[in-house]
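Whole structure, please, built from the sequences with the hints as guidance.
Line by line, the protein sequences give chains A and B. In terms of the numbering used here, the first sequence opens at residue 1 and continues consecutively. In terms of the numbering used here, the second sequence opens at residue 1 and continues consecutively.
In short, the hints are calculated from the structure, not lab data. Quick reminder that beta carbons are idealized off the backbone N, C-alpha and C, glycines included. Some hints could be false.
[What the hints assert, rightly or not] With a cut-off of at most 30 Å between alpha-carbon atoms, the simulated DSSO-like pairs for lysine-lysine come out as follows:
id: 1; chain 1: A; residue 1: K103; chain 2: B; residue 2: K19
id: 2; chain 1: A; residue 1: K73; chain 2: B; residue 2: K52
id: 3; chain 1: B; residue 1: K22; chain 2: B; residue 2: K41
id: 4; chain 1: A; residue 1: K96; chain 2: B; residue 2: K36
id: 5; chain 1: A; residue 1: K115; chain 2: B; residue 2: K22
id: 6; chain 1: A; residue 1: K103; chain 2: B; residue 2: K52
id: 7; chain 1: A; residue 1: K78; chain 2: B; residue 2: K36
id: 8; chain 1: A; residue 1: K115; chain 2: A; residue 2: K96
id: 9; chain 1: A; residue 1: K78; chain 2: A; residue 2: K115
id: 10; chain 1: B; residue 1: K19; chain 2: A; residue 2: K96
id: 11; chain 1: A; residue 1: K55; chain 2: A; residue 2: K96
id: 12; chain 1: B; residue 1: K40; chain 2: A; residue 2: K73
id: 13; chain 1: A; residue 1: K96; chain 2: B; residue 2: K18
id: 14; chain 1: A; residue 1: K115; chain 2: B; residue 2: K52
id: 15; chain 1: A; residue 1: K73; chain 2: B; residue 2: K19
id: 16; chain 1: B; residue 1: K19; chain 2: A; residue 2: K115
id: 17; chain 1: A; residue 1: K73; chain 2: A; residue 2: K96
id: 18; chain 1: A; residue 1: K70; chain 2: B; residue 2: K41
id: 19; chain 1: B; residue 1: K40; chain 2: A; residue 2: K78
id: 20; chain 1: A; residue 1: K70; chain 2: A; residue 2: K55
id: 21; chain 1: B; residue 1: K18; chain 2: A; residue 2: K103
id: 22; chain 1: B; residue 1: K52; chain 2: B; residue 2: K41
id: 23; chain 1: B; residue 1: K40; chain 2: A; residue 2: K103
id: 24; chain 1: B; residue 1: K41; chain 2: B; residue 2: K19
id: 25; chain 1: B; residue 1: K22; chain 2: A; residue 2: K103
id: 26; chain 1: B; residue 1: K22; chain 2: B; residue 2: K52
id: 27; chain 1: A; residue 1: K115; chain 2: B; residue 2: K40
id: 28; chain 1: B; residue 1: K41; chain 2: A; residue 2: K115
id: 29; chain 1: B; residue 1: K40; chain 2: A; residue 2: K70
id: 30; chain 1: B; residue 1: K22; chain 2: A; residue 2: K96
id: 31; chain 1: B; residue 1: K19; chain 2: B; residue 2: K52
id: 32; chain 1: A; residue 1: K103; chain 2: A; residue 2: K78
id: 33; chain 1: B; residue 1: K52; chain 2: A; residue 2: K78
[Said to hold, decoys possible] If you anchor each label on the Cβ, the simulated ranges turn out as follows:
id: 34; chain 1: B; residue 1: H77; chain 2: A; residue 2: T60; range: 26 to 34 Å
id: 35; chain 1: A; residue 1: S74; chain 2: B; residue 2: H79; range: 39 to 47 Å
id: 36; chain 1: A; residue 1: I46; chain 2: B; residue 2: E84; range: 39 to 47 Å
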Amino acid sequence: AQTVTQSQPEMSVQEAETVTLSCTYDTSESNYYLFWYKQPPSRQMILVIRQEAYKQQNATENRFSVNFQKAAKSFSLKISDSQLGDTAMYFCAFMKPAGNTGKLIFGQGTTLQVKP
Amino acid sequence: ETGVTQTPRHLVMGMTNKKSLKCEQHLGHNAMYWYKQSAKKPLELMFVYNFKEQTENNSVPSRFSPECPNSSHLFLHLHTLQPEDSALYLCASSHPEGGTGETQYFGPGTRLLVL
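This is the structure we're talking about:
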């Protein structure tokens with residue numbers, strides 16, 4: 001069974017600085033997807049970034065980028081130029097493709113606070 | 001606007017009540033999902049529907065009854081719930097043929113309190 005581990009329950013960063021959130025996962029699959037979702041106080045789950053395991057290039061989305069280390073089964077999220085609106089809970093998630101639908105396996109989440 | 005809406009946003013019910021949660025997606029997706037988010041626990045997948053057919057029931061108690069009349073609407077019927085069922089219930093949808101793979105897009109959730 002696949003598992004996702006986020007070892008940092010809480011983190012904080014000063015506005016405009018860079019922060020990295022850690023995520024490791026365990027799977028025997030070779031093809032899969034990895035995601036980072038953001039859940040602000042409004043509780044809306046928002047997709048931040050997505051990575052396909054077969055792609056060696058790390059995904060980037062504006063100020064958000066990942067460091068995907070397939071052999072190490074590591075998938076960290078880097079937030080550059082942190083903004084107050086980045087304050088949220090961040091979830092790492094794993095998905096094994098399964099036909100038309102896939103099961104998302106979530107980590108426990110990391111609460112990030114951006115301080116002014 | 002995320003394209004996935006959920007109603008009601010908040011619900012308080014007694015253990016003998018019957019209520020329903022509604023989810024609607026405006027993204028043209030074919031698959032819909034129910035997740036449960038409890039305090040101190042990771043999100044748990046409950047049900048998956050693909051083209052209106054249930055493809056996953058993650059050992060959910062029968063007091064939760066899903067219904068998917070079409071690809072745009074998903075319901076979760078609740079009856080004789082327990083206080084431990086209090087949680088945030090999230091709906092999601094996906095369309096693997098839409099160029100985004102199997103990325104799931106979430107609604108804002110319904111916060112349920114069972115007294």
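Between K115 of chain A and K22 of chain B, is the straight-line Cα distance small enough, at 30 Å or below?
Violated, because 37 Å separates the two Cα atoms, which is more than 30 Å.
Given pair status - K70 of chain A, K40 of chain B, alpha carbons within 30 Å
holds, 28 Å
Can you confirm whether the C-alpha distance between K103 of chain A and K78 of chain A stays at or below 30 Å?
holds, 25 Å
Are the Cα positions of K103 of chain A and K52 of chain B separated by 30 Å at most?
holds, 17 Å
Hinted pair K70 of chain A and K55 of chain A, Cα distance within 30 Å
holds, 10 Å
Holds or violated: 26 to 34 Å for the Cβ distance of H77 of chain B and T60 of chain A?
violated, 42 Å
Given hint K73 of chain A paired with K40 of chain B - CA-CA distance at most 30 Å:
holds, 24 Å
Quick one, are K52 of chain B and K41 of chain B close enough, alpha carbons at most 30 Å?
holds, 29 Å
For the pair supplied as a hint, K41 of chain B and K19 of chain B, is the alpha-carbon distance within the 30 Å limit?
holds, 24 Å
Outcome for the supplied range 39 to 47 Å, where the beta carbon pair is I46 of chain A and E84 of chain B:
Given range 39 to 47 Å: violated, Cβ gap about 28 Å.
Starting from K19 of chain B, check that the Cα of K115 of chain A is at most 30 Å away, please.
It is violated: about 41 Å lies between the C-alpha atoms, which goes past 30 Å.
With the threshold set at 30 Å, check whether the alpha-carbon distance from K103 of chain A to K19 of chain B stays at or below it.
Cα-Cα ~26 Å, so holds.
Consistency with the previously given hints fails for numbers 2, 5, 8, 10, 13, 14, 15, 16, 33, 34, 36, ordered from lowest to highest.
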